[in-house]
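Sequence order for the protein chains is X and F. Residue 805 is where the first sequence starts when you use my numbering, and the numbers rise one by one after that. Residue 6 is where the second sequence starts when you use my numbering, and the numbers rise one by one after that.
Accuracy of the hints is not assured; some may be wrong.
[Claimed, not checked] Far from chain F, by Cβ distances over 10 angstroms, these chain X residues were calculated:
#	residue
1	Ser-814
2	Val-872
3	Pro-874
[Unchecked claim] Quick list of in silico lysine to aspartate or glutamate cross-link-like pairs, EDC-like style, CA-CA up to 16 angstroms:
#	chain 1	residue 1	chain 2	residue 2
4	F	Lys-38	F	Asp-117
5	F	Lys-38	F	Asp-87
6	F	Lys-215	F	Glu-282
7	X	Lys-818	F	Asp-229
8	X	Lys-818	F	Asp-254
9	X	Lys-818	X	Asp-871
10	X	Lys-818	F	Asp-87
11	F	Lys-38	F	Glu-115
12	X	Lys-813	X	Asp-847
13	X	Lys-830	F	Asp-277
14	F	Lys-213	F	Asp-284
15	X	Lys-830	X	Asp-859
16	F	Lys-199	F	Asp-117
17	X	Lys-818	F	Glu-282
18	F	Lys-213	F	Glu-282
For the record, the hints were derived by calculation from the structure and aren't laboratory data. These figures come from a predicted structure and were not determined experimentally. C-beta atoms are modelled at their ideal positions from N, C-alpha and C, and glycine is treated no differently.
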Amino acid sequence: MAVERRQRKSPASKEDARAAKAEAAKLVGDHPAVNGIGITRADGGYGVKVNLLDDADDVRALLDRIDVAPVRVEVVGPIAKSAGL
Amino acid sequence: MRPRSYGGGRSDFGRRALYALRPMRLQSARDLKAELTSSLLDLEPLTPTAIGAYGIRAARVDVVERRLSTFALGVAPRKPGDYRLAVRVQRRGIESSPHIALIKDLARGEVDVRYVGRVVKSATPWHRRLQRPLLAGSSVGHYEITAGTLGCFVRLKNGATAILSNNHVLADENRAARGDAIIQPGRYDGGRRKRDAVASLQRFVRLKAKGANALDCAVATLLDGVNCEPAVLKGSGRLQGVTDDVAEDAVLEKIGRTTGRTRGRIASFELDGLMVEYDAGNIRFDGVIEIEGASGRAFSAGGDSGSVIYSREGKLAYALLFANSQQGGSNGRGLTYAHPLSTALERLAVELVL
Numbered sequence: 805m806a807v808e809r810r811q812r813k814s815p816a817s818k819e820d821a822r823a824a825k826a827e828a829a830k831l832v833g834d835h836p837a838v839n840g841i842g843i844t845r846a847d848g849g850y851g852v853k854v855n856l857l858d859d860a861d862d863v864r865a866l867l868d869r870i871d872v873a874p875v876r877v878e879v880v881g882p883i884a885k886s887a888g889l
Numbered sequence: 006m007r008p009r010s011y012g013g014g015r016s017d018f019g020r021r022a023l024y025a026l027r028p029m030r031l032q033s034a035r036d037l038k039a040e041l042t043s044s045l046l047d048l049e050p051l052t053p054t055a056i057g058a059y060g061i062r063a064a065r066v067d068v069v070e071r072r073l074s075t076f077a078l079g080v081a082p083r084k085p086g087d088y089r090l091a092v093r094v095q096r097r098g099i100e101s102s103p104h105i106a107l108i109k110d111l112a113r114g115e116v117d118v119r120y121v122g123r124v125v126k127s128a129t130p131w132h133r134r135l136q137r138p139l140l141a142g143s144s145v146g147h148y149e150i151t152a153g154t155l156g157c158f159v160r161l162k163n164g165a166t167a168i169l170s171n172n173h174v175l176a177d178e179n180r181a182a183r184g185d186a187i188i189q190p191g192r193y194d195g196g197r198r199k200r201d202a203v204a205s206l207q208r209f210v211r212l213k214a215k216g217a218n219a220l221d222c223a224v225a226t227l228l229d230g231v232n233c234e235p236a237v238l239k240g241s242g243r244l245q246g247v248t249d250d251v252a253e254d255a256v257l258e259k260i261g262r263t264t265g266r267t268r269g270r271i272a273s274f275e276l277d278g279l280m281v282e283y284d285a286g287n288i289r290f291d292g293v294i295e296i297e298g299a300s301g302r303a304f305s306a307g308g309d310s311g312s313v314i315y316s317r318e319g320k321l322a323y324a325l326l327f328a329n330s331q332q333g334g335s336n337g338r339g340l341t342y343a344h345p346l347s348t349a350l351e352r353l354a355v356e357l358v359l
């Protein structure tokens with residue numbers, strides 16, 4: 805009897821996300837709008853977070869998922885030291 | 006008392022009807038306010054006895070405030086280009102006083118009367134004031150900077166107690182020298198070098214303009230006679246220790262000079278290539294922890310630099326806050342950036358005092 809098997813997508817592990825983060829850095833690390841690439845919780849597992857100074861469609865278009873790791877892109881604007889008022 | 010004039014030659018009824026149709030210009034509203042202010046001076050002042058006649062809550066005389074609030078006059082916009090006289094009443098009884106009746110009459114109804122109650126000055130929160138003994142979370146800084154936050158208390162290898170905060174708070178971004186005065190509260194909060202020195206700069210991890218930084222931290226040794234309550238987290242218990250690992254969904258807290266005690270969660274970690282604006286220009290950081298505020302509030306703001314971030318459950322010190330953004334986060338209130346506290350303690354060769 806043939807058994808139908810469905811391929812189940814398992815959430816990305818932290819190691820998967822770290823590997824994807826390194827790949828994301830190669831792809832967009834030098835983009836002028838990118839300000840920081842890290843690891844975040846996503847889809848029940850881990851993913852890559854790409855911070856932007858300003859919105860950049862080309863970064864969003866380029867990155868949606870790297871291997872099994874989802875990619876989250878967020879505009880955070882400029883980041884400044886927290887002293888000084 | 007001089008009657009208010011809206012134009013010559015018309016009957017009183019006509020003037021009122023015309024006035025009701027015309028928008029009141031800003032200058033007219035200002036003139037009316039000035040006229041009424043001088044007219045009200047001719048009336049009997051609103052003394053406690055007079056106010057009592059219009060209705061005051063019964064209470065012993067010695068518990069009734071000596072300065073009785075009355076009302077204030079101003080200008081209120083109604084719509085663009087149209088204004089009214091604003092009357093803000095601080096006691097209910099005054100709404101039926103002859104003073105308000107006179108105002109309404111002279112303003113011919115072009116008045117916005119509202120009860121606003123007692124108005125008090127905004128008290129300065131404890132974390133921006135002088136604190137003796139010293140407490141984590143209070144305003145502090147090198148005497149040349151505005152103000153940052155006292156993160157926690159640490160012990161040097163020689164046994165001396167010191168305060169831990171950021172390089173840019175205690176060492177003025179590498180510009181300070183060992184022995185420089187650290188003041189509490191910080192200068193922006195009224196602290197002065199000669200009067201409010203509590204510590205002297207001991208050592209700091211230099212901020213590098215080129216390459217990646219991991220830390221923005223410094224320690225300053227307490228001066229003789231300056232006491233502290235090392236583990237106290239005012240309003241939140243006591244620090245219990247240090248950790249380099251918290252659950253990724255853990256609720257975190259910090260107490261900072263500007264925003265006080267706030268809560269948040271980790272938004273991302275192992276964040277590399279983060280460019281942060283300093284006086285010297287943009288400086289790169291790797292290995293950063295990103296935190297978003299909870300309950301619709303920002304986790305931090307300018308002046309919170311140097312705050313220690315700890316787990317709400319367990320009260321374990323986890324990270325040292327050093328930067329923030331104005332955008333981002335699931336609540337849109339900006340993100341906070343910190344580095345692991347354990348790494349800072351190790352590099353500075355100090356241990357947390359509990």
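To see whether the hints hold, each was checked on the structure:
1. Ser-814: With a cut-off of 10 angstroms, Ser-814 (chain X) remains clear of chain F, as the shortest Cβ separation is near 18 angstroms.
2. Val-872: With a cut-off of 10 angstroms, Val-872 (chain X) remains clear of chain F, as the shortest Cβ separation is near 18 angstroms.
3. Pro-874: Given that every Cβ of chain F is farther than 10 angstroms from that of Pro-874 (chain X), nearest at about 13 angstroms, it holds.
4. F:Lys-38 / F:Asp-117: holds, 12 angstroms
5. F:Lys-38 / F:Asp-87: Cα-Cα ~15 angstroms, so holds.
6. F:Lys-215 / F:Glu-282: Since the Cα atoms of Lys-215 (chain F) and Glu-282 (chain F) sit roughly 13 angstroms apart, the hinted pair holds (cutoff 16 angstroms).
7. X:Lys-818 / F:Asp-229: Distance of about 48 angstroms is beyond 16 angstroms: violated.
8. X:Lys-818 / F:Asp-254: holds, 15 angstroms
9. X:Lys-818 / X:Asp-871: Judged against 16 angstroms, a Cα distance of about 13 angstroms means the pair holds.
10. X:Lys-818 / F:Asp-87: It is violated: about 61 angstroms lies between the C-alpha atoms, which goes past 16 angstroms.
11. F:Lys-38 / F:Glu-115: This hinted pair holds, its Cα atoms lying about 11 angstroms apart.
12. X:Lys-813 / X:Asp-847: holds, 11 angstroms
13. X:Lys-830 / F:Asp-277: Between Lys-830 (chain X) and Asp-277 (chain F) the Cα gap is close to 12 angstroms, so the pair holds against 16 angstroms.
14. F:Lys-213 / F:Asp-284: holds, 12 angstroms
15. X:Lys-830 / X:Asp-859: Violated, at about 19 angstroms.
16. F:Lys-199 / F:Asp-117: violated, 51 angstroms
17. X:Lys-818 / F:Glu-282: Not OK: Lys-818 (chain X) and Glu-282 (chain F) at ~30 angstroms, beyond 16 angstroms, violated.
18. F:Lys-213 / F:Glu-282: Holds, at about 13 angstroms.
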